[in-house]
Amino acid sequence: DTVVTQSPLSLSVTPGEPASISCRSSESLLHANGYNYLDWYLQKPGQSPQLLIYLGSNRAPGVPDRFSGSGSGTEFTLKISRVEAEDVGVYYCMQARQTRAFGQGTKVEIK
Amino acid sequence: EVQLVESGGGLVQPGRSLRLSCTASGLHFGDYAMTWVRQAPGKGLEWVGFIRAAAYGATTDYAASVKGRFSISRDDSKSIAYLQADSLKTEDTAVYYCNGRLVRGNDVSDIWGQGTMVVVSS
Chain A
4 DTVVTQSPLS
14 LSVTPGEPAS
24 ISCRSSESLL
34 HANGYNYLDW
44 YLQKPGQSPQ
54 LLIYLGSNRA
64 PGVPDRFSGS
74 GSGTEFTLKI
84 SRVEAEDVGV
94 YYCMQARQTR
104 AFGQGTKVEI
114 K
Chain B
34 EVQLVESGGG
44 LVQPGRSLRL
54 SCTASGLHFG
64 DYAMTWVRQA
74 PGKGLEWVGF
84 IRAAAYGATT
94 DYAASVKGRF
104 SISRDDSKSI
114 AYLQADSLKT
124 EDTAVYYCNG
134 RLVRGNDVSD
144 IWGQGTMVVV
154 SS
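So the sequence lines, in the order shown, correspond to chains A and B. The first sequence finishes on residue 114 if you use the working numbering, and the numbering steps up by one all the way, no holes. The second sequence finishes on residue 155 if you use the working numbering, and the numbering steps up by one all the way, no holes.
Worth flagging that the hints you see were computed from the coordinates, not collected in a lab. Take the hints with a grain of salt, since some may be wrong.
[What the hints assert, rightly or not] Calculated pairs, SDA-like style, for lysine to any residue (alpha carbon to alpha carbon, straight line, at most 25 Å):
(1) A:LYS114 x A:VAL16
(2) A:LYS110 x A:HIS34
(3) B:LYS122 x B:SER98
(4) B:LYS76 x A:PRO11
(5) B:LYS100 x A:LYS110
(6) B:LYS100 x A:GLY65
(7) B:LYS76 x A:GLU112
(8) A:LYS82 x A:SER10
(9) B:LYS76 x A:VAL93
(10) B:LYS76 x B:ASN139
(11) B:LYS76 x B:SER154
(12) A:LYS114 x A:SER15
(13) B:LYS76 x A:VAL6
(14) A:LYS110 x A:ALA35
(15) A:LYS47 x B:VAL35
(16) A:LYS114 x B:LYS76
(17) A:LYS110 x B:PRO74
(18) A:LYS47 x A:LEU33
(19) A:LYS82 x B:ASN139
(20) B:LYS100 x A:THR102
(21) B:LYS122 x A:PHE105
(22) A:LYS82 x A:GLY65
(23) B:LYS111 x B:ALA86
(24) A:LYS82 x B:ILE144
(25) A:LYS110 x A:GLY49
(26) A:LYS47 x B:LEU135
(27) B:LYS76 x A:SER15
(28) A:LYS114 x A:GLU89
(29) A:LYS47 x B:GLY75
A quick note: this is a predicted structure, and the numbers were derived from the prediction, not measured.
For reference, chain A alone in the conformation it holds in the complex (with noise of 0.2 Å):
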């Protein structure tokens, strides 16, 4: 089975300041296709879980700007690049090149 793990498993982070989670995957996401098969989604507090970004880097509706997704093949990233305080929650990625699984979540809070 293909297993994601996510560093940091926790965040903590001032307003305005940058923030980057980690995800390595055992085994390499990137399809024939060209596509990483690689998601981010937040869970805020008390909520379901919301997309963020699909296939690696591509930033799903309604996502602000200040969101972007990198990486290829068992190295991924997502970034905050101005973390602001409605951005408090669990981050996780979620491999989606074999049977789905997703990472441990990493929790940001602001400081």
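Given the structure of chain A, go ahead and fit chain B onto it with the hints provided.
Positioned in the frame of chain A, the structure of chain B alone reads:
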């Protein structure tokens, strides 16, 4: 309004069965892949399984933790996806979310329900 509404959760004894439903509205349900994701109390998200759209054969895939016990089906005429959970274990206790995903070219529609709680306990 585009939405997914889960139902069917509740308290069930170990070894028994439960069927969860995910009812869609405001979208062309038949085009969407439907996924079930669960979250045990205080834990992270766990992918449970999904069913592709009929255009892709309505094929299914499951997490190892539920394979052989859970099955997912869909009734496109009613815009409902089902999760049949058999031989339930205490570790299946979780909020169960359904998710619908449609990718067309560079566009995506990704919708989540509000979740339904399943408690497996004697």
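Quick rundown of the hints versus the structure:
1. For the hint pairing LYS114 (chain A) with VAL16 (chain A), the CA-to-CA distance comes to about 5 Å; that is within 25 Å, so the pair holds.
2. Between LYS110 (chain A) and HIS34 (chain A), the direct Cα distance comes to roughly 29 Å. Violation of the 25 Å bound is thereby established for this hinted pair.
3. For the proposed pair LYS122 (chain B) and SER98 (chain B), the alpha carbon gap of about 11 Å is at most 25 Å, so the pair holds.
4. Between the alpha carbons of LYS76 (chain B) and PRO11 (chain A) the distance comes to roughly 16 Å, so the proposed pair stays at or under 25 Å and holds.
5. For the given pair, LYS100 (chain B) sits about 29 Å from LYS110 (chain A) by alpha-carbon distance, which is inconsistent with the 25 Å threshold.
6. Among the hinted pairs, LYS100 (chain B) with GLY65 (chain A) is inconsistent with the structure: their alpha-carbon atoms are about 35 Å apart, more than 25 Å.
7. A hinted pair counts as satisfied when its Cα atoms are at most 25 Å apart, and LYS76 (chain B) with GLU112 (chain A) qualifies at roughly 17 Å.
8. Under the criterion of a C-alpha separation no larger than 25 Å, the hint pairing LYS82 (chain A) with SER10 (chain A) is consistent with the structure, at around 13 Å.
9. Taken as a hint, the LYS76 (chain B) and VAL93 (chain A) pair is honoured in the structure, with Cα atoms around 11 Å apart against an allowance of 25 Å.
10. Distance restraint check for LYS76 (chain B) and ASN139 (chain B): the Cα-Cα separation of roughly 32 Å exceeds the 25 Å cut-off, and the hinted pair is therefore not satisfied.
11. Between the alpha carbons of LYS76 (chain B) and SER154 (chain B) the distance comes to roughly 18 Å, so the proposed pair stays at or under 25 Å and holds.
12. At most 25 Å may separate the alpha-carbon atoms for a hinted pair to count; LYS114 (chain A) and SER15 (chain A) meet this at roughly 6 Å.
13. For the hint pairing LYS76 (chain B) with VAL6 (chain A), the CA-to-CA distance comes to about 17 Å; that is within 25 Å, so the pair holds.
14. Distance hint between LYS110 (chain A) and ALA35 (chain A) is unfulfilled; the C-alpha atoms sit about 33 Å from each other, more than 25 Å.
15. Restraint check for LYS47 (chain A) and VAL35 (chain B): the C-alpha separation of about 20 Å stays at or below 25 Å, so the hint holds.
16. With a C-alpha separation of about 23 Å, the suggested pair LYS114 (chain A) and LYS76 (chain B) falls inside the 25 Å cut-off, and the hint holds.
17. About 16 Å separates the Cα atoms of LYS110 (chain A) and PRO74 (chain B), which keeps this hinted pair within 25 Å; it holds.
18. The hinted pair formed by LYS47 (chain A) and LEU33 (chain A) fails the criterion: a straight-line CA distance of about 29 Å is larger than 25 Å.
19. Note on LYS82 (chain A) and ASN139 (chain B): the hinted pairing holds, with a Cα-Cα distance of about 21 Å set against a maximum of 25 Å.
20. Between LYS100 (chain B) and THR102 (chain A), the direct Cα distance comes to roughly 11 Å. Compliance with the 25 Å bound is thereby established for this hinted pair.
21. For the hint pairing LYS122 (chain B) with PHE105 (chain A), the CA-to-CA distance comes to about 21 Å; that is within 25 Å, so the pair holds.
22. Between LYS82 (chain A) and GLY65 (chain A), the direct Cα distance comes to roughly 17 Å. Compliance with the 25 Å bound is thereby established for this hinted pair.
23. Distance restraint check for LYS111 (chain B) and ALA86 (chain B): the Cα-Cα separation of roughly 14 Å lies within the 25 Å cut-off, and the hinted pair is therefore satisfied.
24. For the proposed pair LYS82 (chain A) and ILE144 (chain B), the alpha carbon gap of about 23 Å is at most 25 Å, so the pair holds.
25. A distance of roughly 14 Å separates the Cα atoms of LYS110 (chain A) and GLY49 (chain A); the hinted pair therefore holds under the 25 Å criterion.
26. Among the hinted pairs, LYS47 (chain A) with LEU135 (chain B) is consistent with the structure: their alpha-carbon atoms are about 23 Å apart, no more than 25 Å.
27. Proposed proximity of LYS76 (chain B) and SER15 (chain A) is supported: the alpha carbons are some 19 Å apart, at most 25 Å.
28. Under the criterion of a C-alpha separation no larger than 25 Å, the hint pairing LYS114 (chain A) with GLU89 (chain A) is consistent with the structure, at around 13 Å.
29. A threshold of 25 Å between alpha carbons decides the hint, and for LYS47 (chain A) with GLY75 (chain B) the separation of about 14 Å falls inside it, so the pair holds.
Hint compliance for this structure: hints 2, 5, 6, 10, 14 and 18 are not met, and every other hint is.
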